[in-house]
Amino acid sequence: MSLEEPTPDSDAELDVVGETEDGLDYDALADLLGDKVRTREEHLNAEGFVIRPDDVQDVLFALRDEAGFDHLSSVTAQEYDDRYESIYHLKKFDDPTQQLSVVVPTSKDNPVSESAEPVYRTADWHEREAYDLVGIEYEGHPDMRRILLPETWQGHPLALDYDQTEPQIVTLAEHRNPLQEDHRAGDDSDTMFINIGPHHPATHGVLHVETVLDGEQIADIEPDIGYLHRCEEQMCQQGTYRHQIMPYPDRWDYVSAGMLNEWSYARAAETLADIEVPEYAQVIRTMAAELSRMAAHFLAMGTFALDVYGDFTAIFQYTFRDREIVQNILEDLSGQRLMFNYFRLGGVAWDLPEPREEFFEKTRDFLNDMPGKLDELHDLVTSNEIFQLRCVDTGVLPPEEAKSYGATGPVARGSGIDYDLRRDDPYGYYDELDWDVVTEDGCDNFARVLVRLREVEQSARIVEQCVDLLEDWPEDDREIQANVPRTLKPDHDTEVYEAVEAAKGELGIYIRSDGTDKPARFKIRSPCFSNLQTLPVMSEGEYIPDMIASLGSLDIVLGEVDR
Amino acid sequence: MSSEQSQTANPDVQSTQEARMGEGVDSRFNSKLREAFGSSPFILTKFDKFMNWVRGSSMFMLQFGIACCSIEMIHTYAIKHDLDRFGAGVPRASPRQADVIIVPGTIVSKFAPRMKRVYDQMPEPKFVVSMGSCTVSGGPFQEGYNVIKGAEEVIPVDIHVPGCPPRPEALIYGVAKLQERIANGESAPVTVKPYELEQFGDLERDELVEKLADQIDEEDLVMRYNWADSP
Ligand code: SF4
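Protein sequence lines correspond, in order, to chains A and B.
Counting along the first sequence from 1, when you hit position 140 you're at 174 in the numbering used here, and nothing is skipped either side.
Counting along the second sequence from 1, when you hit position 71 you're at 365 in the numbering used here, and nothing is skipped either side.
Extracted from the complex, chain A is given alone in its bound form (with noise of 0.2 Å):
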């Protein structure tokens, strides 16, 4: 294997408390703390400390500051019978193997928690859709509303008590100016006020972006999601594990990226159950994953060209030819053009399709002519005078705010981040095989743009790996599923969170099993929905078109922002 293992620089690492040479030491984490930790959970990824709803802020600075932990990777709200509960899952960008989740329960009556809002920006969004859905009221945050549901909803619909079938009313508001009363400028501050979508070509599908320009330039800009928010938590806890999940996780990031986010909740179950996956199975996972991610990122810069000089002919139709041959692909493989239901609990649902020759040819052929392809492209798109213009320099994201507001995949990797699941917290079979994490430090559009198409080429080095070992394999030893019960029951109370790099970045999976066949509280870190919030600090003072290019550049599916 090429990738080096991180070297953590030995200095650094005596002022960190906890880490060791072998892990975390949950015990050195627990003295920092001292009394705030009132008990410890085991969750099957790391170890819960259960704090008070008013020592949050206390905690979390203390864990980000001394024991390093600068990654908030997600926040989980659920409700029990007895109490409500938000789960902190913190990581480290240098060492996302090691996790710690902070468990803050809240009463019935009076589910009031502190933010975390001032210590990691991402929970800004985070505690609105927890509010939102479940119902848990964030002290101290700067703007405690709904997120994904309209603001006259009535209930939180992952409650226990929620009933589905009450009406609601809908508004079809126009949105007023928020820089209108704002007097600073004067009387006649000349702000103008524009909504962008939730129709519009630009917005790669139903986003709503409330913009105040001054001029041409961005005094004031909020996204506003939840035009595509389609209960997928709700229905894949309505969903038996074994078959009735995997469909969705395609439905997520839909633009054929389907095979990477059924690894992420393949993940999540496997280590919840306890299946091991044959070594078989994980070679054809890794295969499809990485196809899966060509895909994406070709639609990514289609569309992407077509965002910044609407050139629909001639870099759009191209990526376009190009994923239709990845889509036939694994048409071939799964049977579906896009949503691809390929990953069964401990392994696939078939084998490569017979002739197996013919499929491997196919596929070489696509990966003999892929440098041709991108050479093309970087002809035409990063080679551009005019991209370059549109590009470079615009749209920066600084790397301590990218690990803020939890950034990650190409968007982080733009900003210099060296942070990958598939090498950082390995799985599947990428540790095996020969390739490299790309990152750039421009920060800018033209950086994440580049990592897509760098990312292009490694992923194209591991197909073709792939597809090297599974021409060789022994006919007698091709196991593509693990022996599964054809009910899963997982232990009652077993809480996991497991993460994948998806397309778009980390895709995070928290299960919650209550001892039936169905979870009890499934929750979806999205890449996406995290990558989304650095909108502002990219746009705010800039010029409006670029705010279009840095959206762009965010490469975001509205089906995994809203879910």
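FYI, nobody ran anything at the bench for these hints, they're computed from the structure.
C-beta atoms are modelled at their ideal positions from N, C-alpha and C, and glycine is treated no differently.
If a hint is listed, it holds; no wrong ones were tucked in.
One side only, chain B facing chain A, incomplete, derived with CB under 7 Å:
| hint | residue |
| --- | --- |
| 1 | Ile360 |
| 2 | Ala361 |
| 3 | Ala372 |
| 4 | Tyr439 |
| 5 | Ile510 |
| 6 | Leu515 |
| 7 | Val516 |
| 8 | Met517 |
| 9 | Ala522 |
Got chain A sorted already, so can you dock chain B with the ligand onto it with the hints?
Quick look at chain B with the ligand alone, frame taken from chain A:
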């Protein structure tokens, strides 16, 4: 047989068509259609019928993406499937310039009023192709607390293309069927009573309305969902 061929085959003989067109006519005007009409370049038809045929043969689609199905819709416009071959491949970004709206995806409570608005902004006559199971019934998300159970709950639909997602070929078939219907002058029956956009003040005053009365202005447009009556 094209006129050019006939000329080379028999240089001395002039066809009736050529004779009527006379000298000096630019050959570019000799379209396939012109040939189809043969010797007499006139047809008799009803004006309505002609208009319907024109309408079906040149459709401006609204560039409208919602969810996963829109990815397959883009593939239908793009290389390989190329919907433009069927006279329906010009996506317009503004509803005011479009005749057909393809509804490609799940419609949720927050989006339905906006979709209705976009539909209302399209000039008549307008047509709707609903793409995917989500627009038929809510599809895989039918049981969701936030999901409208099909596009017909909001706007009238001419053609349903089922599938999750439908293949591009299926969408092309749906569009072709729509063209056929338009050419025959058939219009869409409205099958359900759709959710309407109405002023908040006009709603029947019940518990929910009372509760929201201080949040919503009398004149605001609202959509009221009666989930219990949804199919
Ligand atoms: S029908 Fe299927 S593919 Fe289409 S929008 Fe609905 S879930 Fe997505």
